[in-house]
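Chains as they are written, first to last, in this note's numbering: chain H, 1 to 199; chain S, 1001 to 1146.
Note that these hints are calculated values from the structure, not bench results. Here the structure is a predicted model, which means the values were calculated and not measured. This list has only true hints and no planted wrong ones.
A few chain H residues that don't get close to chain S, going by computed Cβ distances all over 12 angstroms:
{"no.": "1", "residue": "N10"}
{"no.": "2", "residue": "D13"}
{"no.": "3", "residue": "L21"}
{"no.": "4", "residue": "G23"}
{"no.": "5", "residue": "K73"}
{"no.": "6", "residue": "S76"}
{"no.": "7", "residue": "F77"}
{"no.": "8", "residue": "Y78"}
{"no.": "9", "residue": "D126"}
{"no.": "10", "residue": "P127"}
{"no.": "11", "residue": "E128"}
{"no.": "12", "residue": "S164"}
{"no.": "13", "residue": "H165"}
{"no.": "14", "residue": "A166"}
In the SDA-like style, the derived pairs of lysine to any residue whose C-alpha atoms are separated by at most 20 angstroms in a straight line are:
{"no.": "15", "chain 1": "S", "residue 1": "K1011", "chain 2": "H", "residue 2": "H187"}
{"no.": "16", "chain 1": "S", "residue 1": "K1008", "chain 2": "H", "residue 2": "L194"}
{"no.": "17", "chain 1": "S", "residue 1": "K1041", "chain 2": "H", "residue 2": "R66"}
{"no.": "18", "chain 1": "S", "residue 1": "K1014", "chain 2": "H", "residue 2": "Q36"}
{"no.": "19", "chain 1": "S", "residue 1": "K1008", "chain 2": "H", "residue 2": "L183"}
{"no.": "20", "chain 1": "S", "residue 1": "K1014", "chain 2": "H", "residue 2": "E142"}
{"no.": "21", "chain 1": "H", "residue 1": "K96", "chain 2": "H", "residue 2": "E149"}
{"no.": "22", "chain 1": "H", "residue 1": "K146", "chain 2": "H", "residue 2": "R95"}
{"no.": "23", "chain 1": "H", "residue 1": "K170", "chain 2": "H", "residue 2": "S181"}
{"no.": "24", "chain 1": "H", "residue 1": "K63", "chain 2": "H", "residue 2": "R95"}
{"no.": "25", "chain 1": "S", "residue 1": "K1047", "chain 2": "H", "residue 2": "R66"}
{"no.": "26", "chain 1": "S", "residue 1": "K1014", "chain 2": "H", "residue 2": "T83"}
{"no.": "27", "chain 1": "H", "residue 1": "K188", "chain 2": "S", "residue 2": "L1012"}
{"no.": "28", "chain 1": "H", "residue 1": "K38", "chain 2": "H", "residue 2": "K63"}
{"no.": "29", "chain 1": "H", "residue 1": "K72", "chain 2": "H", "residue 2": "E14"}
{"no.": "30", "chain 1": "S", "residue 1": "K1014", "chain 2": "H", "residue 2": "H50"}
{"no.": "31", "chain 1": "S", "residue 1": "K1011", "chain 2": "H", "residue 2": "I138"}
{"no.": "32", "chain 1": "S", "residue 1": "K1047", "chain 2": "H", "residue 2": "E59"}
{"no.": "33", "chain 1": "H", "residue 1": "K94", "chain 2": "S", "residue 2": "G1049"}
{"no.": "34", "chain 1": "S", "residue 1": "K1011", "chain 2": "H", "residue 2": "D135"}
{"no.": "35", "chain 1": "H", "residue 1": "K191", "chain 2": "S", "residue 2": "D1003"}
{"no.": "36", "chain 1": "H", "residue 1": "K134", "chain 2": "S", "residue 2": "L1012"}
{"no.": "37", "chain 1": "H", "residue 1": "K73", "chain 2": "H", "residue 2": "A22"}
{"no.": "38", "chain 1": "H", "residue 1": "K63", "chain 2": "S", "residue 2": "K1041"}
{"no.": "39", "chain 1": "H", "residue 1": "K38", "chain 2": "S", "residue 2": "T1028"}
{"no.": "40", "chain 1": "H", "residue 1": "K38", "chain 2": "S", "residue 2": "L1027"}
Built from N, CA and C at the ideal position, the CB exists for glycine as well.
Letter by letter, the chains look like this.
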Amino acid sequence: MAQGKETPPNPSDEELVDMVLAGQITAFDQLVLRYQQKLYSVLYNMTSNHDDTNDLLMETFDKAYRNLASFKKQSSFYTWIYTIAVHKAINHSKRKSKTANNFSLNDLDPESGMEFQIPDASSAADPERQAHLKDLQIRLNESLQKLSEEHRAVVVLFDVEGMSHAEITKILGCTEGTVRSRLHYAHKQLKRYLEKFVQ
Amino acid sequence: MTDQELSKLLKLKKAETPGEVYFSQFLTEFHRYQRAEILHKPTFSEKLGEWFTQLLPTPRMTYAFSGCAALALLAAGAFALLPVKQASFSTASMAPFTPDQQLATFTTYADASHQQPELLPSATPERASTYVTGTSVGHYETVVTF
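Same shape as in the complex, but just chain S (with noise of 0.2 angstroms):
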């Protein structure tokens, strides 16, 4: 088959017409059409169909937008999961005590006054940095975390 062949029998696609009479009822049907597209209430996926239609009118730009959206997405996501990671990290190292934590440390030595002074290992003579008070005994360090 030579390209004129070919040229001639494509030529005469342009006659397969649905004939005068489509035609002449064509603008009556459509009327009725667009009426019947101003009750029709577009959903919110044609709705952003048609505005991404109309802000890139070629498939080829909406595939390069498309693309673009998923890999901006895909960073989004990365950058959002990875700051997580090390502020756990980080604040669980850096946690101060809670002031439970702090009471009992303080509710072991005010105890600790009711044993014998020499059997406490604050008492030791060695333990130069250990003092009485009235009603507790504790060392240096526990008193600079109080």
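Bound conformation, chain H alone (with noise of 0.2 angstroms):
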């Protein structure tokens, strides 16, 4: 523990890295349930499997406190440990595909008691319509799957993540021109292994 020194009420995640380096290591755990939830996701959108996605998520946050000195500051905690995650997740993902040669259909894991609520209302009352879109999202993992790693970080980081040109290009270490061409072709091909199941 820092001596002497007070803990701010609601400190930012700059000061909570100072805090960490300075000796007082449970500050980490703010890190830890303050990005536990963002960084699921980025990684369950990536690998659509809840078990690596639980072992890709450990080993963010264990290189993320093994480097923790390394943070230069020179862009966010945000951007700096989703450059981890999502690395993680493309090595991950490409480890997988040079093993098992092909994305296997075994490695999706609808059933894992995911909450998928689809905000529809028609759904809730129609068994057949709920049915039809539980088969949407296995579909959907299957088409995010058949992508690139490099494509399908992109659409996870701006279409689910909600993420702006600028921070993804940060994060993948590309330009923002890569970005937005590799959105482009990624949306395409989507809507091209989507549009039978839609119709």
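With the hints as a guide, dock the two chains, each given alone in a separate frame, to form the complex.
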């Protein structure tokens, strides 16, 4: 514990990092609680598998903790930890696709207890429509897994997480033009994969 | 399917969460994971992988570095092989006589002293370079070599 220093009432990420580096290691727990849901969402949508997501989430926080001293504050902690998570997910998917040769549908776990709630009042009363939406979720995850890791990352960060092109540029370390072109191509591919199903 | 429809569909994926129970237990699980990691001794390949990841944060840089390293290795291999061939050729052609060879040459002429001098090739009148010592007969060339 850093003695003689008062903890701010609502510390920023950077203040929490300083506290950890000063020896108040429990401050990292607050960072974990702050980011666990956001990072889970990114990792889950990159892998479509709960167990892989859980492992990657642990590894991401562990890596962030170990390398906290190398965080130079040139970017926000938010960008920094997202960068670690996204690259972990990309490397994991590449490793997996190398060993499995092709993505297997068994890798998807639609029955893993996900609370997939479609905000559609009509579906609640209509079991057939509910089942259709569930199928749509599975098909969407399959389609995402057919994209390359880099294209999938852009789609997840932009469409699911609602990040700006500039933020994605910082996380993926590529130009804004690359982000736009990857997004355009990925949308085109996804529409093609989902077209038959939606009709 | 329009872009708006696709965008709306992808936004729904944000709702895919494992539930509050998972997140309420995650911190405890993470602490357990960290303690387990302390006990885990990384293998050499894991250390190397970790070092590369820290050194080269993006996959593109990793590929570029791997490519350069492979080229450097090939170049080093080619460089190492080429001089070996030249050295073996040149040393073979310039190899001096071994002491055994020199002794054998000398012995041949030393033995010749037991033969009749007129039968020795060195004793022919036109070979002015031939000389006779107390115990052996030889050519100048032999002596120079010796």
